[in-house]
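Let's have the full structure, built from the sequences with the hints guiding it.
2 protein chains.
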Amino acid sequence: MAKLKATNKRVVIEAVEPSVDGGRFPAKSTLGDAVVVSADVFADGHDRITAVLRHRSSGTRSWVEVGMTLIGNDRWQARFTPDDLGVWQFTVGGWVDHFQSWREGLSKKLEAGVDVSVDLLIGGQLVENAVSRAKGKAAKALRVLAGSLSDSGKPVSERSQLALGPDLDELMSSHPDRSNETFSEGIWEIVVDREKAVFSTWYELFPRSWSSDPGRHGTFGDVERALPYVTDMGFDVLYLPPVHPIGETYRKGPNNTLDAGPEDPGVPWAIGSGEGGHTAINPELGTIEEFRSLRDAAHAQGLELALDVAFQCSPDHPWAKEHPQWFKQRPDGTIQYAENPPKKYQDIYPIDFETDDPEGLWLALKGVFDHWIGEGIRIFRVDNPHTKSFPFWEWVIAEIRDEHPDVILLAEAFTRPKVMHRLGKVGFNQSYTYFAWRNSRSEIIEYMSDLAEVDTFFRPNFWPNTPDILTEQLQTGGRAAFITRYVLAATLSASCGIYGPAYELTENLPLRQGSEEYLNSEKYQIRDWDLDHPTSLAPLIRQVNRARTNHPALQRNGGLVFHGTDNEAILCYSRTRHDDSILVVVNLDSHHVQSSWLDLDTQALGIDSDHQFQVHDLLTDRRYIWEGPRNFVQLDPGGIPAHVFRVRERVRSEESFDYFV
Amino acid sequence: MAKLKATNKRVVIEAVEPSVDGGRFPAKSTLGDAVVVSADVFADGHDRITAVLRHRSSGTRSWVEVGMTLIGNDRWQARFTPDDLGVWQFTVGGWVDHFQSWREGLSKKLEAGVDVSVDLLIGGQLVENAVSRAKGKAAKALRVLAGSLSDSGKPVSERSQLALGPDLDELMSSHPDRSNETFSEGIWEIVVDREKAVFSTWYELFPRSWSSDPGRHGTFGDVERALPYVTDMGFDVLYLPPVHPIGETYRKGPNNTLDAGPEDPGVPWAIGSGEGGHTAINPELGTIEEFRSLRDAAHAQGLELALDVAFQCSPDHPWAKEHPQWFKQRPDGTIQYAENPPKKYQDIYPIDFETDDPEGLWLALKGVFDHWIGEGIRIFRVDNPHTKSFPFWEWVIAEIRDEHPDVILLAEAFTRPKVMHRLGKVGFNQSYTYFAWRNSRSEIIEYMSDLAEVDTFFRPNFWPNTPDILTEQLQTGGRAAFITRYVLAATLSASCGIYGPAYELTENLPLRQGSEEYLNSEKYQIRDWDLDHPTSLAPLIRQVNRARTNHPALQRNGGLVFHGTDNEAILCYSRTRHDDSILVVVNLDSHHVQSSWLDLDTQALGIDSDHQFQVHDLLTDRRYIWEGPRNFVQLDPGGIPAHVFRVRERVRSEESFDYFV
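So the protein lines, in turn, are chains A and B.
Per my numbering, the first sequence starts with residue 1, numbered consecutively.
Per my numbering, the second sequence starts with residue 1, numbered consecutively.
It is worth saying that the hints were derived from the structure and are not from the lab.
Keep in mind it's a predicted model, so treat the numbers as computed, not measured.
Hints should not be assumed to be uniformly reliable.
Any copy, or any two copies together, can satisfy a pair, since identical chains are not distinguished.
[Said to hold, decoys possible] Below are the PhoX-like pairs computed for lysine-lysine, each with C-alpha atoms no more than 25 Å apart in a straight line:
1) K108 <-> K344
2) K5 <-> K366
3) K328 <-> K9
4) K321 <-> K137
5) K343 <-> K523
See the structure below:
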């Protein structure tokens with residue numbers, strides 16, 4: 001028999017939430033948002049329990065304690081609102097509350113007219129024991145109360161009144177007997193990010209194509225001059241593909257051809273040349289001073305600059321010579337280039353995370369982040385993180401967070417779900433998703449449900465297109481598809497983005513049929529965009545983004561409810577947060593007018609199903625008076641095939657100036 | 001920055017199952033059953049992975065390894081069949097398999113007609129590295145193969161053939177490079193019980209009422225003579241309420257009255273008198289020799305004796321004097337009796353698990369189990385375990401399991417779900433359930449789904465009645481209710497039981513309206529049962545239990561599918577295990593004939609929906625030929641309002657003697 005370590009502590013604590021893999025990874029939260037902690041806390045028998053939540057910033061030693069509330073089925077809940085970025089910790093404690101158990105029993109006995117003289121003596125003891133846990137006035141008051149409860153000279157009715165009175169309750173609750181307290185097994189962690197980690201609106205552009213002078217390579221200066229174009233549309237993150245020198249060896253030509261001419265600018269992701277690697281700037285884009293000028297101008301206009309971190313090298317990257325041990329060597333003495341057999345990508349050397357020098361490699365990669373953080377960059381879009389080792393990410397993200405908790409990393413991983421989830425667990429603040437390929441009503445509903453299941457650690461960022469992804473839907477759905485896909489992205493996910501101007505100019509020609517690559521992709525060549533084209537969706541995107549900016553309901557994930565429709569082609573959902581409700585109706589068919597009766601969950605919308613309410617379309621500024629759950633919609637792909645309604649309930653009083661709040 | 005511990009290992013392992021609370025508690029299995037282990041095993045990138053399951057009996061040091069199979073979505077699976085009772089352990093390991101990754105790439109390149117000369121050199125190196133991991137012939141063979149792959153003097157076609165051939169594959173799979181192997185974080189445990197822990201059929205009786213001579217207190221000898229009555233019905237566990245001396249102080253009279261007369265036998269759960277406590281025998285039942293004789297006779301007839309362990313004391317129990325510190329003291333010098341304010345149970349002293357002497361208490365309580373285990377008892381029904389501390393149970397069950405892994409404990413806890421679940425987690429092998437109060441079709445379906453969610457650690461035992469529970473359904477539903485409730489218990493749960501002869505004699509009078517207590521309950525008085533009453537359900541119970549004995553499908557939980565019916569009063573479900581399928585149809589309305597079309601899930605039943613099949617009612621021996629998913633049933637509460645069908649598919653060949661297998 002193992003040595004007996006008996007205990008007389010009886011409370012057990014289970015199922016603490018939020019928790020990722022039982023506490024193996026931290027959950028995610030946002031500065032300013034309350035963290036709602038819940039746990040099962042119970043003991044054998046029927047005694048009353050008291051449970052507390054303890055929390056602290058991981059940088060501080062002392063815990064702050066909050067009482068928890070029993071919300072039913074042995075589940076307790078409390079909340080705290082972190083006031084700083086970074087890692088926070090929490091635990092749950094609980095104890096058998098003998099005073100409250102006794103008080104409850106006494107109350108029942110008195111009600112039943114049972115003799116309570118011995119009970120009052122028991123209570124007197126409990127209160128007497130509390131004296132030593134109190135100080136000053138409280139101790140004195142407890143001693144007096146203990147004496148009164150035990151004083152058989154006093155009438156039972158008087159003592160009972162003292163026993164059940166609020167004074168004793170408050171004194172005892174402030175000085176509880178916690179000698180039998182137990183704690184949750186482990187300490188839970190939560191990462192508190194700034195708001196942009198969850199609510200952000202991205203615009204991706206290739207500076208090379210933003211020259212005011214067609215034919216000339218675009219520069220940081222050109223982009224700086226174009227900033228108002230981007231900010232006017234309502235974006236708040238400007239993401240640039242890699243800005244580093246591009247390799248010459250095996251440089252790709254237009255449309256991914258192998259024979260680049262001397263004028264071809266190359267692929268920005270083939271990073272590194274004689275002019276430097278991941279910390280250098282492609283001279284064709286400008287100087288570091290021009291980069292800083294762009295950064296400052298963008299930030300001044302409320303547009304935060306996001307850089308691309310792609311941990312791979314062109315054959316000309318300095319690391320290929322300086323650190324050959326970070327790459328796979330081939331028996332012929334060359335470095336292994338990227339492959340997806342039988343395809344070869346000879347312009348790219350992948351990094352070998354099985355190197356014998358993991359310390360050197362990890363520190364160098366972290367150095368890349370450190371360099372650009374030093375240049376004032378706080379948002380990074382990480383290219384293909386799923387081809388770099390998870391232990392590396394877990395380490396480097398924790399390090400960066402520790403030093404710069406305001407940094408946000410977006411994981412560009414389009415791969416198997418478990419892999420994408422793991423990247424969220426190890427710390428990526430945002431993730432690209434499968435949104436681009438979820439088109440039908442049932443696909444979208446199912447996918448949103450999948451995302452809800454991982455929302456403690458996986459924050460979606462919905463992109464209807466990227467330079468690598470021109471979906472069949474966009475290729476064939478015309479302008480209607482571009483409108484609906486952005487409306488969906490911008491209202492289903494608190495973070496979204498587009499690759500422009502290809503998006504707002506509804507660029508839809510694929511490299512070839514069946515391909516999702518753009519024809520004449522900017523990845524390989526400079527494009528000349530007609531930003532002023534009359535069919536540009538920029539004005540509509542502005543309206544959608546304005547709805548996002550003005551409506552808290554669209555600034556977090558959660559609060560999503562799908563409403564019934566009679567027509568598979570019509571998708572209807574609402575987002576609700578605090579008192580704000582947005583109702584979205586989308587015609588998923590880009591080719592035909594579709595109509596449907598909606599079957600609204602009025603309770604979810606916070607409206608009284610017996611009264612009229614107003615829906616105000618934020619895209620068209622039209623207003624409709626609806627009543628009850630059944631209402632009719634008809635959406636024409638020739639116009640704006642979506643509604644983004646603000647839902648306003650009619651106020652009761654006819655005297656109000658505006659009838660709807 | 002924390003000290004950098006970089007690694008070049010890339011495989012991660014998540015979500016290992018079976019797992020209870022992330023491995024905090026062992027899961028449960030049964031000797032002879034395969035344990036199916038699964039886990040997410042993956043790395044960054046697209047390399048091939050190999051995963052292994054390692055398992056061992058906790059008593060042995062060395063692990064046994066089994067290769068795992070990728071079943072999709074990065075999930076791997078393997079199984080092992082423990083060959084001994086007790087605790088088993090398992091872990092999962094995985095590594096990047098560079099040889100298989102290389103082989104796959106080579107194959108694709110060859111198919112595409114790409115030059116592979118450098119690839120063959122890479123393969124040669126991989127094989128050369130394997131030489132040191134092999135011995136003797138294998139090492140020699142690997143060296144020869146490595147040489148051939150690298151031999152540029154040989155034609156590429158010949159070397160490619162060797163590279164992709166089965167010999168090299170097998171040699172490399174037997175000598176893998178596991179230098180980058182990682183393991184699941186932690187070791188998982190599983191408790192392997194004997195079959196009766198999951199599949200058991202209980203009969204509870206009060207020996208006091210089994211006297212052959214009405215008026216005389218029944219004895220062990222009386223019960224021994226009645227054993228054939230119980231075994232004929234097909235039960236395999238005979239459970240007796242506490243057999244210990246019963247307290248005199250505050251002894252209860254008939255129907256829980258407070259004024260017991262000198263002839264009243266008292267409540268068996270008021271344990272302890274001057275004649276001893278939990279290890280003594282009530283002299284009215286007989287001697288220890290007579291107890292042993294009953295035990296041996298029962299075991300010889302295939303009926304295992306189960307005792308009641310109720311950790312509470314009558315005021316006359318020796319512990320009340322010898323160990324007053326194990327009870328709560330009241331200020332008036334008395335011991336605190338049981339209460340549920342304002343109700344008092346002065347005949348019972350609950351044990352105080354907050355005693356200052358937990359070691360002494362725990363060892364004494366374990367001594368009770370040890371005593372009866374010493375008397376050859378291996379099954380215990382534990383009374384109200386939810387009023388004793390969880391840490392105690394976790395300790396004592398682990399200790400008992402360690403010494404006697406064939407012991408089975410049934411938790412008699414009718415309380416909140418989390419509390420009941422925790423008892424399963426800390427080790428109870430079986431648990432009473434809410435079954436008695438689940439009556440409607442939707443209630444039953446929902447409850448079975450709740451149970452399925454906890455089936456790794458919570459094994460249900462379905463009782464339609466107990467001496468404490470005469471449900472409203474049984475009080476008002478007549479004979480039909482008694483039939484259907486037993487059919488449901490016996491076919492929805494692999495373990496079930498009844499309190500007899502009250503059950504088979506359809507005793508249905510409550511103490512008063514609205515009460516679930518029996519009138520003239522055996523808990524307080526001796527009853528005289530007419531076992532030969534012509535309306536006894538004993539013959540029907542025999543048929544039901546025979547179905548359980550003959551059909552593997554009814555001997556485990558799981559394999560349960562509910563089938564559609566057009567009528568809420570008709571419940572239809574099947575259980576399937578291996579090749580055995582049982583289809584049950586029950587009329588839940590005890591007062592009216594009900595009929596319904598069934599909408600069978602033929603795939604779940606393992607039958608071809610295009611062919612006829614036979615259903616053979618094991619209760620009535622009637623056979624029906626059905627076809628396709630839609631079939632009609634009608635069930636009369638005046639007869640047998642349930643079908644328990646064996647499902648037999650028609651064999652294809654008309655020449656077979658019996659058309660149905």
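Hints violated by the structure (numbers, ascending) = 4
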